[in-house]
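All residue numbers for the sequence shown refer to my numbering, where the first residue is 508 and numbers rise by one.
Watch out, some of these pointers could steer you wrong.
As the list claims (entries may be wrong) - Pairs of lysine-lysine residues, derived as PhoX-like cross-links and limited to a Cα-Cα distance of at most 25 Å, are as follows:
1. Lys660 / Lys620
2. Lys615 / Lys663
3. Lys598 / Lys580
4. Lys653 / Lys615
Stated by the list, open to error - Have a look at the derived ranges for each label pair, beta carbon to beta carbon:
5. Ile683 / Glu619: 18 to 28 Å
6. Glu667 / Ile556: 33 to 43 Å
7. Asp599 / Glu665: 26 to 36 Å
8. Asn686 / Phe554: 13 to 23 Å
9. Pro676 / Ile614: 11 to 21 Å
10. Glu664 / Val544: 17 to 27 Å
11. Glu619 / Lys577: 28 to 38 Å
12. Glu619 / Lys598: 40 to 50 Å
Hints listed in this document are in silico derivations from the structure and should not be mistaken for laboratory results. What you are looking at is a predicted structure, and each value in this text was computed from that prediction instead of being measured. Quick reminder that beta carbons are idealized off the backbone N, C-alpha and C, glycines included.
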Amino acid sequence: AEVLGKAYPEDQMIYSWKKLMQNHPHDSICGCSVDEVNEEMKKHTSFKIGGCADILVIAQKVDEIKHVLKIAKEFNVPLTIIGNGTNILVKDNGIRGIVLKIDLQNIKIQKEKQDVEMQVCYDKVAEEEEVYNYKNVIVDVGAGVKLALLAQKLLKEEIEGFEFASGIPGTIGGAIRMNAGAHRRRI
């Protein structure tokens, strides 16, 4: 598990915090709603432990993520990015700055049928030409989609190869970041 709760000089934090709050109202960070101030992180982790985040923003759109990144950089406010909160431990003293919880939930599946001509040799003498249908499948998934949900969706669509991930807690974004895997297979 990754332990969150970085040390940050208190005087620099207070300065950055005051500057941020002066320029942006309490309930908005550059157009993104601030879900909670002093939010208990135990509500957002699978281990149900940890202190408070100074600011928690739950981003459901890519533009919201971009805005929060811009604000954190502009005002030099520490930024911690999390997914579903699995495989992290938050210290009792919490997380200073902004915690950005990625909650992009889009799942888009494109299936394309394509006719491909192949020559198949049935024996050494005769060759036949047959047409086979192959499916090209493109799956576009938001970083906040839970692995179990994605595995179920792909199974319903009769798309193979992701079954191993059905028992892994967490989101696709976290799984990619941490190279999650099970049953000798990895993301």
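- Message: Tell me the numbers of any earlier hints that the structure contravenes, in ascending order.
- Response: Numbers 7 and 10 - these are the hints that the structure violates, sorted from lowest upward.
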